[in-house]
Every structure is written in C-alpha cells, then in structure tokens.
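Trainee: Sequence:
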Amino acid sequence: KKVKFEWGDKQEAAFQLLKQKLCSAPILALPEGSEDFIVYYDASNKGLGAVLMQREKVISYAKEREPPLRVRALVMTIGLDLRMQILNAQTEARKPENIKEEDVG
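The sequence shown begins at 1 in my numbering and counts up by one.
No wet-lab data here; the hints were simulated from the structure.
It is possible that some hints are incorrect.
[What the hints assert, rightly or not] Capping the alpha-carbon separation at 16 Å, the derived lysine to aspartate or glutamate pairs in EDC-like fashion look like this:
no. : residue 1 : residue 2
1   : 100       : 36
2   : 100       : 35
3   : 57        : 32
4   : 63        : 42
5   : 57        : 35
[Claimed, not checked] Derived CB-CB ranges, DEER-like:
no. : residue 1 : residue 2 : range
6   : 63        : 13        : 19 to 27 Å
7   : 49        : 85        : 12 to 20 Å
8   : 18        : 47        : 20 to 28 Å
We put the CB at the ideal spot given by N, CA and C, even for glycine.
Using the sequences and the hints, build the whole thing.
Mentor: This is the structure in structure tokens:
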C-alpha cells in the first residue's frame with residue numbers, strides 16, 4: 001500500500017497506445033442509416049461531454065469546456081425536459097407500427 005507509483009517510459013508508451021486505440025477505426029464506427037441513435041451526456045461545473053451511439057457502437061464523442069453558468073443552464077434545460085422526452089419516446093416505440101423484429105444474436 002505504500003508503494004510509490006512511478007510514471008516512466010513504459011507507462012507513457014502504454015498510455016499513448018491506449019489513446020491511439022480509443023480513437024482508431026475499430027472503436028469509432030460509421031453510422032448505419034438514420035435510425036436507432038442514442039445520445040449519452042454528462043455535465044459538471046467545468047464542462048459537458050456526450051457520446052453518440054448506434055446499436056452499441058460509438059459513432060462520435062464530444063466534449064466542451066463551458067463557463068459554469070452556461071453549463072448549469074444547459075443541464076437545467078436538458079434535464080428538466082429529459083423525463084418527458086423519454087416518456088414520449090417509449091410511448092412512440094410501443095406503437096404496433098414501430099415494433100420490428102431484429103436479430104441481435
């Protein structure tokens with residue numbers, strides 16, 4: 001527990017490789033069509049971030065550093081309406097004309 005952590009050449013090389021792999025083609029995918037997109041977002045007092053996904057594949061990442069008041073305003077705007085957006089999307093998805101069979105296996 002009292003082992004000192006040292007950041008050397010080996011650790012730096014592993015970190016750079018990880019950064020490269022996270023931004024390379026196997027991780028980021030091209031979108032297929034214009035349906036089934038999901039946006040995950042998070043915000044703090046320092047900024048906000050989002051991930052655009054389609055069928056469990058990452059399409060794009062976004063992050064932005066914003067002044068704290070602007071971030072709080074965005075969170076309040078998105079967060080207050082988010083519950084209703086989810087409810088509306090679920091209601092729409094349950095309509096018989098929107099139910100499709102999909103092979104996920």
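Trainee: Which numbered conditions among the earlier hints are violated in the structure presented, ordered from lowest to highest?
Mentor: Those not satisfied: there are none.
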